[in-house]
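Same order as they appear, the protein sequences are chains A and B. The first sequence lines up with residues 1 to 286 when you count with UniProt numbering. The second sequence lines up with residues 1 to 297 when you count with UniProt numbering.
Derived by calculation from the structure, the hints in this document are not laboratory data. Computed from a predicted model, the values in this text were never measured in an experiment. All clues given are correct.
With a cut-off of at most 20 angstroms between alpha-carbon atoms, the simulated EDC-like pairs for lysine to aspartate or glutamate come out as follows:
| no. | chain 1 | residue 1 | chain 2 | residue 2 |
| --- | --- | --- | --- | --- |
| 1 | B | K59 | B | D70 |
| 2 | B | K66 | B | D258 |
| 3 | A | K133 | B | D258 |
| 4 | B | K66 | B | E256 |
| 5 | B | K110 | B | E181 |
| 6 | A | K133 | A | E147 |
| 7 | B | K59 | B | D258 |
| 8 | B | K152 | A | E250 |
| 9 | B | K280 | A | D109 |
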Amino acid sequence: MSIATSSGRGGAGRRRLVHGVLPGFGLAMGWTVVWLSLIVLFPLVALAVKASGLGFGGFVKLLQDARVQAALELSFGAALIAALVNAVFGVLVAWVLTRYRFPGRALIDAAVDLPFALPTAVAGITLAALFAKTGWIGGLLAPLGIEVAYTRLGVVVALIFVGLPFVVRTVQPLLADLDREVEEAAATLGASRLTTVFRVLLPPLVPSILTGFTLAFARGVGEYGSIVFIAGNMPYLTEIAPLLIVIKLEEFDWVGATGIACVMLAISFSLLLVINLIQAHANRRS
Amino acid sequence: MATDQTFPLDPPRPRALPVPPPIGETVVARWTLVAIAGLFLALVLVLPIAGVFTEGLRKGIWAYFKSFGDPDALASIQLTLLVAVISVPANLVFGVAASWAITKFDFPGKSLLITLIDLPFSVSPVVSGLVFVLLFGAQGLFGPFLAAHGLKVIFAVPGLVLATIFVTFPFVARELIPLMEAQGAADEEAALTLGASGWTIFRRVTLPNIKWGLLYGVLLCNARAMGEFGAVSVVSGHIRGLTNTMPLQVEILYNEYDFVGAFAMASILAGLALITLVLKTFLEWRFGDELAANRRH
Numbered sequence: 001m002s003i004a005t006s007s008g009r010g011g012a013g014r015r016r017l018v019h020g021v022l023p024g025f026g027l028a029m030g031w032t033v034v035w036l037s038l039i040v041l042f043p044l045v046a047l048a049v050k051a052s053g054l055g056f057g058g059f060v061k062l063l064q065d066a067r068v069q070a071a072l073e074l075s076f077g078a079a080l081i082a083a084l085v086n087a088v089f090g091v092l093v094a095w096v097l098t099r100y101r102f103p104g105r106a107l108i109d110a111a112v113d114l115p116f117a118l119p120t121a122v123a124g125i126t127l128a129a130l131f132a133k134t135g136w137i138g139g140l141l142a143p144l145g146i147e148v149a150y151t152r153l154g155v156v157v158a159l160i161f162v163g164l165p166f167v168v169r170t171v172q173p174l175l176a177d178l179d180r181e182v183e184e185a186a187a188t189l190g191a192s193r194l195t196t197v198f199r200v201l202l203p204p205l206v207p208s209i210l211t212g213f214t215l216a217f218a219r220g221v222g223e224y225g226s227i228v229f230i231a232g233n234m235p236y237l238t239e240i241a242p243l244l245i246v247i248k249l250e251e252f253d254w255v256g257a258t259g260i261a262c263v264m265l266a267i268s269f270s271l272l273l274v275i276n277l278i279q280a281h282a283n284r285r286s
Numbered sequence: 001m002a003t004d005q006t007f008p009l010d011p012p013r014p015r016a017l018p019v020p021p022p023i024g025e026t027v028v029a030r031w032t033l034v035a036i037a038g039l040f041l042a043l044v045l046v047l048p049i050a051g052v053f054t055e056g057l058r059k060g061i062w063a064y065f066k067s068f069g070d071p072d073a074l075a076s077i078q079l080t081l082l083v084a085v086i087s088v089p090a091n092l093v094f095g096v097a098a099s100w101a102i103t104k105f106d107f108p109g110k111s112l113l114i115t116l117i118d119l120p121f122s123v124s125p126v127v128s129g130l131v132f133v134l135l136f137g138a139q140g141l142f143g144p145f146l147a148a149h150g151l152k153v154i155f156a157v158p159g160l161v162l163a164t165i166f167v168t169f170p171f172v173a174r175e176l177i178p179l180m181e182a183q184g185a186a187d188e189e190a191a192l193t194l195g196a197s198g199w200t201i202f203r204r205v206t207l208p209n210i211k212w213g214l215l216y217g218v219l220l221c222n223a224r225a226m227g228e229f230g231a232v233s234v235v236s237g238h239i240r241g242l243t244n245t246m247p248l249q250v251e252i253l254y255n256e257y258d259f260v261g262a263f264a265m266a267s268i269l270a271g272l273a274l275i276t277l278v279l280k281t282f283l284e285w286r287f288g289d290e291l292a293a294n295r296r297h
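With the sequences and hints as input, model every part of the structure.
Shown next, in the form of C-alpha cells:
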C-alpha cells in the first residue's frame, strides 16, 4: 500500500501514518475521537478519579464490608451459575437449530434473540409475576417446596433469561460451518455417536462456547433491570451489586457507590480481555 | 402384474436441505433433543411474552386501554420517543464516521479504537448512569458550574439522553465496521478517480452499499434506546410526568401495585421488541448478504 495523503488537510505528522486515498479521514476520525472521548472515555476516567479519592485503605475497608461482599458474591455467583446453565442449553439449542429441520424452526431461531430485544424492566416484572407463588410457574413449583421469586434462585432464573442468546449465537455459525466429512470419517472408523460428538465435534467449538459463556457471565454480573423485580432485594441475601450502587447513591454515599462501580468495571474489563484472548487464540489455530 | 406398478416420471423430490440429514442420531434421540430445546425455549421465551399480555389484560380490555389515558403514562411515552429521537441519530452519525475512518484507512491503534468503541457493552447499566451523575450531579465535577448557571443535566432530559447514548454507543458502529471492512474501498476509489467529491462518493457509492446494514444497526440501537432501564434509572430521579421514560414508568406502577397499568405499559415495550425481532429477521432473510458477515452480539 502506498503512503498516501489522507485528506490533504490531515497535518504533516499524520500524513505518514495514515494510508488511504479517500477524502474525509480528518473529519471522520476527528468526530470519532471527540465523540468517543466525550461520551465514553472522559466519564469513565472521571469515575476512576473519583474512586481514587477513596484511597487504598478506603477500598480495602469497602471490600471488607459484609453487605458489599454479599452483594458482589451474589452478582458473581449467580452470573456464573446462569452462564454455566446457558453454556449447556445454548449448545443444545444451537445444535438443534443448525442440525435439524422441524416445523417452527425459523420462528424459534428468531425468538432466541428475544432477551436482547425485550427491555429488562419488562422481563423483570414478567418473570416476577410468572415465578410468584400465584404465577403460572411459581404455582407449579410451590407444592414441591421450591421458591423462586424473592430468593437467590430468582436472580439465577432472571440471568438465565438475559444470557440465553449469547452462547447460542456464538456457537451457531461455527456449528453450521463444521465440516461433515470429519464426522463421517469418525463414523467409518467405528466411533460411536457419543464419542464423535464429544471427541470430534465439541473440541473445535470450545473457544466459541467459552466466548459465549464469558459474554453471558459479564452481562449477568452487571445486570440490573431484570433482577430487581424478582430478587426481593434483601440486604445480605438477595441484594445484587448494581442495586447496592443505586442504594449508596440514593444515600449520597457517592464514594462508596463509585468504589463498588470501580470493582465491577475492573472485573468486566478483565473479562473483555479474556474474550479477546480467547478469540485471538482461536483465530491463530484456525 | 408386479411390473404394472407405475412410478411417476417425476418423483416427488425431498425438499432441498441446506444441511444434510444428521449422521447417526436415531429419530428418537433427535426428537428428544428438539423437545428439550423446545421446552427450554418455551419456558424461557414464550411464557414471559404471554405473561406480559395476560397480566395487562387481567382486568379486561377496558382497564388495559384506560391505563394509557393517565397523563403520566402519556408523558412517559413522549419522553421515551424524545430520548430515542435524539440519541439514535447521534449514534448513527458517530457509527458512520467511525466506520468510515476505520475501514477506509489504515492507521496505527485501529484495533484499540475498535475495542474502545465496544467498551460501553461491558459496563453495567447502573455504572453507565453513575458516571454521568459523578460528572453532572450536585456533588459532581461540573455540578457547581451547572448550578450557578441554572442548568440541569441530572434528573432532567439531558441526563437521560447522555446515559442512553452511552449504553447504545456501539450498536451502529459494530454493525457497519465488519460490513464496510468486507466491502473494501475499491468502489469509492473508482468514484474518486472519476472526479467525484467526498460527499458525492459517500452518498452515491457507500450509502447504497451499506443501507441495509445501517438500518439493521439503527433498529437494534433504537430497541435498546427505548427499553433501557438501569442507566436511565440512575440519572432520572423518577419525577412523574417529567423524567420517567416508559421502562421507569413500568417500575413505578409495579411498585405501587398497579399491575394492570404496569403490564399494559410493559406490553407496548414487548410489542416494540416483537416488531424489532420481526424486522430484524426480515432484514437477515432478505438482505443477509448486505449485512455484516460475522455477527457478534
